[in-house]
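Enquirer: Hey, can you work out the whole structure from these sequences and the hints?
Next come the chains, spelled out residue by residue.
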Amino acid sequence: MVGSRGNLPPQALEYGEIFMSGRGQIGYTILRILAWPIGFLIIAALVHLFCILFGCATNGFGATLRALGYAQAPMIVTMLSIVPRVGPLLAFAASAYSLVLLVWGVMRLQETNGGKAAAAVLATPVLFCCCCCGTLALAGSALKSMFNAGN
Amino acid sequence: MTTTWPRPNRTVGFIDALALTGLTGLLIARFVPVARLPFWGCVLRQHTGWPCPGCGLTRAAERVAHFNIAGAWEANPLGTVAALSFVVTIVLSLLHLLFKMPLPTLAPSRREALVLRVTLAALVVMNYGYVILKTRFPALL
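Chains as they are written, first to last, in our numbering: chain P, 6 to 156; chain W, -14 to 126.
Chain P is faced by these chain W residues, among others (derived, beta-carbon under 7 angstroms):
no.: 1; residue: -2
no.: 2; residue: 2
no.: 3; residue: 6
no.: 4; residue: 95
no.: 5; residue: 98
no.: 6; residue: 102
Label pairs and their computed distance ranges (CB to CB):
no.: 7; chain 1: W; residue 1: -10; chain 2: P; residue 2: 27; range: 51 to 57 angstroms
no.: 8; chain 1: P; residue 1: 40; chain 2: W; residue 2: 35; range: 30 to 36 angstroms
no.: 9; chain 1: W; residue 1: 80; chain 2: P; residue 2: 75; range: 30 to 36 angstroms
no.: 10; chain 1: W; residue 1: 106; chain 2: P; residue 2: 133; range: 15 to 21 angstroms
no.: 11; chain 1: W; residue 1: 89; chain 2: P; residue 2: 44; range: 22 to 28 angstroms
no.: 12; chain 1: P; residue 1: 113; chain 2: W; residue 2: 122; range: 46 to 52 angstroms
no.: 13; chain 1: W; residue 1: 99; chain 2: P; residue 2: 84; range: 40 to 46 angstroms
no.: 14; chain 1: P; residue 1: 81; chain 2: W; residue 2: -5; range: 30 to 36 angstroms
no.: 15; chain 1: P; residue 1: 30; chain 2: W; residue 2: -14; range: 45 to 51 angstroms
no.: 16; chain 1: P; residue 1: 30; chain 2: W; residue 2: 80; range: 36 to 42 angstroms
no.: 17; chain 1: P; residue 1: 34; chain 2: W; residue 2: 125; range: 48 to 54 angstroms
no.: 18; chain 1: P; residue 1: 40; chain 2: W; residue 2: -10; range: 31 to 37 angstroms
Derived by calculation from the structure, the hints in this document are not laboratory data.
Glycine included, every Cβ here is placed at the ideal spot set by N, Cα and C.
Expert: Next up, the structure:
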């Protein structure tokens, strides 16, 4: 994928260069540290909103917040994402496992069944996919570039 | 619907978390020109010409953040309602955190939750219909 960067639009390349620079990385790290607690509350709010919609919010917002907190444990593995080749795979596996733990957590703490818990938890990423078409576009163009490079 | 009214408090709860979500989104929509980012856009619309169910949400949030409610409604009606609901939660959260205003805990019954889901699904479908008409067949509106 990195080898096919030439297929990306110049503006995207420019943003990529800024992001990959030392200052960009330091800024991103600081932003992540500041944004993590905010993001945590935001995701908890969205998951709980869907818990209410799917009728599995018996024990209130605190239970959803705790479930999300417990499910964050595997995310420590995402620090390994800087390791070439294996790192991103490990990070992806950790994120997927975190999602599974969240479903289990919501199921236990909200005293509901697996189907409702899974629906409430997975509705949030689906919502993000609808709202953040830009992310999809980025992923799509990266995939397209990758396929073009393979041809 | 079971409604529980707590005693006056400043405990951070669901409404406060929703308010934080709305505040973050509206501040980004106000100060970051998201729609002008080079990679921002709908892949489905770019490749097929047909909008996705989320098309117009960025514009709706941006216009609500700039107090252009009519423009936001034109871009995505349900997105406008959602953005305005977030504004309401921000106000409620401020009152709760500043003046200890108690916020009720709402717990819908199984039947009410089902009605809520069906209504929401119907609203999403209607909204998508409007977005399709607006994008593909503007003469019909």
